Every structure is written in structure tokens, then in C-alpha cells.
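Asker: Sequence:
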Amino acid sequence: HSPFDEAKQARAAVLCSLLGRALEPCRAHLVQSDSAPTQPQHPLVRDVTKLLVRDPTLSGESLAKQLNMSAGQLARTFRRCTDTSIVEHRNELRLARFLGRVDTQAGNLLEAALEAGFGSYAQFHRVFRARFGQPPREYLLEHRANESDNQT
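The numbering of the sequence shown is the numbering used here, which starts it at 17 and goes up by one.
No wet-lab data here; the hints were simulated from the structure. Any given hint could be a false lead.
[Stated by the list, open to error] The following label-pair restraints were derived from C-beta to C-beta distances:
1) 158 x 135: 24 to 30 Å
2) 103 x 62: 24 to 30 Å
3) 75 x 149: 23 to 29 Å
4) 69 x 89: 19 to 25 Å
5) 161 x 75: 23 to 29 Å
6) 151 x 100: 32 to 38 Å
7) 117 x 89: 15 to 21 Å
All values derive from a computational prediction rather than experimental measurement. Every residue, glycine too, gets a C-beta built ideally from N, C-alpha and C.
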């Protein structure tokens, strides 16, 4: 029953917007909505997503080999079906996995990034900054500040 705080609401809205944008590219591949009719998803996209969810370190070559096709054919078909590259899709899945794994209290970013499938912290940092427009530590500090503001 605390008074309405517009600043907290604005920060929460920004956080939700960022998380929504981060998770949107992989949502259609992982969750089917019962409320809206879903467009038929190409089996190749489903197969690539399943393989990457199981092992986010797979390369395009490895994916192609497991799917019995050439890497070029896989890349072209995937882009045609999703309007994104396999690398971009893999990075979105890795970022979603990172956000799910990072400890929201103290967080070992290196450990969470490696568990999410990134090969190094430098690679993770570059991808994260390109996607969210700020370094991961800064993003998480803002996220934690918003969480603590919402709890008070």
C-alpha cells in the first residue's frame, strides 16, 4: 500500500522493454502461443533451434553436418525462413540463456557467459553490448536497482 512512484514505474517499463526485445527473436522458436494462430515453422528452423538449445556452442558447419546438408544451404534456408542468420539466432539463444543463468544477486558474469555457450568473456561482452547497447555489468546493476526499487 505504498504510494505510486512514477520513476520506479518508468524504470520497470524500460527493463521490461529490454527483456522483451532480447527474448522476442527466440520466443517463436521455443514457445507456441495458444491464443494466436501460429504460422507453420519450417522444420529446419525447429531442428536448428533444438540443436542449439542442447548445445549452444555448435558452429554452422557442425549444425549442417548433423542436418545432412551443406553449410551454405543451411545458412541460406535459415535466413530465408527467419530473416536472421544462424549466428544471430545462436547469439540470441545464448543471451537468453545467460539472462536465465546469471545470479541476480552477485552474479559471476564469466561463469554465466561460459555456461550460456559463449567461447570467451570478450565474445560475450561484444555480443551483449551490441544487443543491449551497454556493458553487461551496467545492465545488471540497473536491473538490480529496478528490482530493489520495486520491492520497496
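Asker: Should the hint that residue 69 and residue 89 are 19 to 25 Å apart at their CB atoms be regarded as holding?
Answerer: holds (22 Å)
Asker: With 15 to 21 Å as the target window, see if residue 117 and residue 89 comply at their CB atoms.
Answerer: violated (33 Å)
Asker: Indicate whether the distance between the beta carbons of residue 158 and residue 135 respects the range 24 to 30 Å.
Answerer: holds (26 Å)
Asker: With respect to the beta-carbon atoms only, verify the hint that residue 151 and residue 100 lie 32 to 38 Å apart.
Answerer: violated (24 Å)
Asker: Just to be sure I understand the hint, the distance between the Cβ atoms of residue 75 and residue 149 should be within 23 to 29 Å; is that true here?
Answerer: Holds: the Cβ-Cβ distance is about 27 Å, inside 23 to 29 Å.
Asker: Within 23 to 29 Å: is that where the Cβ-Cβ distance between residue 161 and residue 75 falls?
Answerer: violated (37 Å)
Asker: Has the hinted range 24 to 30 Å been met by the Cβ atoms of residue 103 and residue 62?
Answerer: Since the Cβ atoms of residue 103 and residue 62 sit about 18 Å apart, the hinted range of 24 to 30 Å is violated.
Consistency note: the structure conflicts with the earlier hints numbered 2, 5, 6, 7.
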